[in-house]
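*Asks:* Sequence:
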Amino acid sequence: MNVETVQQYQHRTVLLDEAVDALALEGERADGIYVDGTFGRGGHSRLILQRLGAGGRLLAFDKDTQAIANAATINDTRFDIAHDSFATLGEALAGRGIKQVNGVLLDLGISSPQVDDATRGFSFRADGPLDMRMDTTRGISAAEWLATETEQKIEKVIREYGEERFAFQIAKAIAARRAVEPISSTRQLAEIVARTVKTREKGKDPATRTFQAIRIFINKELEELEVVLGEAYKHLAPHGRLVVISFHSLEDRIVKQFMVGKANVPQPDRRLPIRAVDLPQPEMKLIARIKPSDEEISANPRSRSAVMRVAERLPAPGVAQ
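Everything in the sequence shown is counted per the working numbering, starting at 88 for the first residue and increasing by one.
Please keep in mind that the hints were generated in silico from the structure rather than gathered at the bench. Values in this document were obtained by computation on a predicted structure and should not be read as measured data. Treat the hints with care, since some could be wrong.
Calculated pairs, DSBU-like style, for lysine-lysine (alpha carbon to alpha carbon, straight line, at most 30 Å) [what the hints assert, rightly or not]: (1) K259 with K291; (2) K307 with K343; (3) K343 with K243; (4) K307 with K259; (5) K243 with K259; (6) K291 with K240; (7) K240 with K372; (8) K343 with K378; (9) K321 with K186; (10) K289 with K243; (11) K321 with K307; (12) K186 with K372; (13) K378 with K289; (14) K243 with K285; (15) K307 with K243; (16) K378 with K291; (17) K349 with K321; (18) K349 with K372; (19) K259 with K240; (20) K240 with K289; (21) K186 with K343; (22) K307 with K378; (23) K291 with K243; (24) K307 with K372; (25) K343 with K321; (26) K259 with K321; (27) K349 with K307; (28) K349 with K378; (29) K372 with K343; (30) K285 with K259; (31) K307 with K186; (32) K289 with K343; (33) K240 with K307; (34) K349 with K186; (35) K289 with K321.
Taking the hints into account, I'd like the entire structure generated from these sequences.
*Replies:* Given below as structure tokens:
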């Protein structure tokens with residue numbers, strides 16, 4: 088798909104100013120090195136580049152070939168993009184001779200163009216091939232997975248990644264349908280779920296949780312999130328910022344536990360004779376938890392579930408910074 092086609096699908100970057108503000112691109116930090124873990128349609132990257140100093144650098148990642156095509160329109164020597172998962176952050180930095188970065192921004196989930204383009208297979212609202220891969224050049228599609236996976240594994244994925252209480256019934260219905268005909272389109276899957284799930288939250292399509300679960304599994308989203316959080320922390324310079332925008336509870340739980348775990352280091356029994364200077368010290372400082380404003384939600388309803396968490400890496404004890 089060419090760039091003109093890519094641009095026909097409109098995308099509103101969620102928490103655009105808030106996320107870039109959280110990177111604290113002021114003073115000497117403006118000439119630092121930053122990472123945009125999900126380029127998408129480039130909203131965050133373009134604003135970061137506007138605020139970067141002449142000596143600054145920005146490395147972006149995206150698995151989506153359409154996003155890579157969009158990134159090619161950026162003509163800026165300070166900018167570089169990797170067609171890969173942000174889970175390869177450590178390898179990508181090493182390959183570019185970068186040891187530390189001053190900030191990492193992760194905008195999780197999928198973009199509006201991916202959802203709205205029926206050919207990608209993410210949406211239950213428009214019929215299209217049941218693909219769901221972020222990177223259509225790698226891995227197996229959702230249709231291929233549903234055709235070969237066991238009913239028990241399908242149930243587990245839908246239950247755990249979709250938090251779907253009807254996972255058993257949905258998996259059973261999928262197994263029954265595929266025995267008759269291949270499940271190759273989004274409409275087929277959505278109809279299977281709709282006939283199986285008789286009750287649902289007001290205003291929510293019955294297929295929402297199932298599509299979310301399969302998409303997360305196919306793209307290894309939670310596994311890659313856990314990897315990139317560790318790599319981001321490992322490569323953050325002292326006072327470097329980690330900014331993460333998540334869109335559902337599974338993602339946010341992982342991010343929260345990671346940040347809180349680094350900020351609240353377990354302490355030994357206070358009755359033990361340990362000097363204060365030798366006590367375990369926090370490795371990160373929690374900066375903020377931000378939700379979209381009412382105005383943003385009104386303008387972009389898809390932002391309503393977003394949660395942004397910000398943490399800062401602290402210098403090692405005794406190291407002057």
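*Asks:* Hint by hint, say whether it matches the structure.
*Replies:* Hints, one by one, checked against the model:
Our distance criterion of 30 Å between C-alpha atoms is met by K259 and K291, whose separation comes to about 22 Å. A threshold of 30 Å between alpha carbons decides the hint, and for K307 with K343 the separation of about 19 Å falls inside it, so the pair holds. Restraint check for K343 and K243: satisfied, since their Cα atoms lie roughly 24 Å apart, inside the 30 Å limit. Straight-line distance between C-alpha atoms of K307 and K259 comes to about 23 Å, which keeps the hinted pair within the 30 Å bound.
For the given pair, K243 sits about 12 Å from K259 by alpha-carbon distance, which is consistent with the 30 Å threshold. At roughly 25 Å between alpha-carbon atoms, K291 and K240 fall within 30 Å of each other, so this suggested pair holds. For the given pair, K240 sits about 39 Å from K372 by alpha-carbon distance, which is inconsistent with the 30 Å threshold. Our distance criterion of 30 Å between C-alpha atoms is met by K343 and K378, whose separation comes to about 14 Å.
Distance restraint check for K321 and K186: the Cα-Cα separation of roughly 9 Å lies within the 30 Å cut-off, and the hinted pair is therefore satisfied. About 25 Å separates the Cα atoms of K289 and K243, which keeps this hinted pair within 30 Å; it holds. For a cut-off of 30 Å, the pair hint linking K321 to K307 stands: about 21 Å separates their Cα positions. Using a Cα cut-off of 30 Å, the hinted pair K186 and K372 holds, with the two alpha carbons roughly 21 Å apart.
For the given pair, K378 sits about 22 Å from K289 by alpha-carbon distance, which is consistent with the 30 Å threshold. With a C-alpha separation of about 20 Å, the suggested pair K243 and K285 falls inside the 30 Å cut-off, and the hint holds. Restraint check for K307 and K243: satisfied, since their Cα atoms lie roughly 15 Å apart, inside the 30 Å limit. A distance of roughly 21 Å separates the Cα atoms of K378 and K291; the hinted pair therefore holds under the 30 Å criterion.
Simply put, K349 and K321 have alpha-carbon atoms about 12 Å apart, close enough for the 30 Å limit, and the pair holds. Note on K349 and K372: the hinted pairing holds, with a Cα-Cα distance of about 8 Å set against a maximum of 30 Å. Annotation: proposed proximity of K259 to K240 holds, straight-line Cα distance about 11 Å (limit 30 Å). The straight-line distance between the Cα atoms of K240 and K289 is roughly 29 Å, inside the 30 Å bound, and the hint therefore holds.
A C-alpha spacing of about 25 Å is found between K186 and K343, which places the hinted pair at or below 30 Å, so the restraint holds. For the hint pairing K307 with K378, the CA-to-CA distance comes to about 25 Å; that is within 30 Å, so the pair holds. Restraint check for K291 and K243: satisfied, since their Cα atoms lie roughly 22 Å apart, inside the 30 Å limit. Proximity of K307 to K372 is assessed by CA-CA distance (about 28 Å); at most 30 Å being required, the pair is judged to hold.
Note on K343 and K321: the hinted pairing holds, with a Cα-Cα distance of about 17 Å set against a maximum of 30 Å. Among the hinted pairs, K259 with K321 is inconsistent with the structure: their alpha-carbon atoms are about 43 Å apart, more than 30 Å. Among the hinted pairs, K349 with K307 is consistent with the structure: their alpha-carbon atoms are about 24 Å apart, no more than 30 Å. The hinted pair formed by K349 and K378 meets the criterion: a straight-line CA distance of about 22 Å does not exceed 30 Å.
The suggested pairing of K372 with K343 holds, with an alpha-carbon distance near 12 Å, which does not exceed 30 Å. With a CA separation close to 15 Å, the supplied pair K285 and K259 stays within the 30 Å bound. Of the supplied pair hints, the one linking K307 and K186 holds, its CA atoms being roughly 26 Å apart against a limit of 30 Å. In summary, the hint linking K289 to K343 is supported, as the alpha carbons are separated by about 28 Å, within the 30 Å threshold.
With a C-alpha separation of about 15 Å, the suggested pair K240 and K307 falls inside the 30 Å cut-off, and the hint holds. A threshold of 30 Å between alpha carbons decides the hint, and for K349 with K186 the separation of about 21 Å falls inside it, so the pair holds. For the proposed pair K289 and K321, the alpha carbon gap of about 43 Å is over 30 Å, so the pair is violated.
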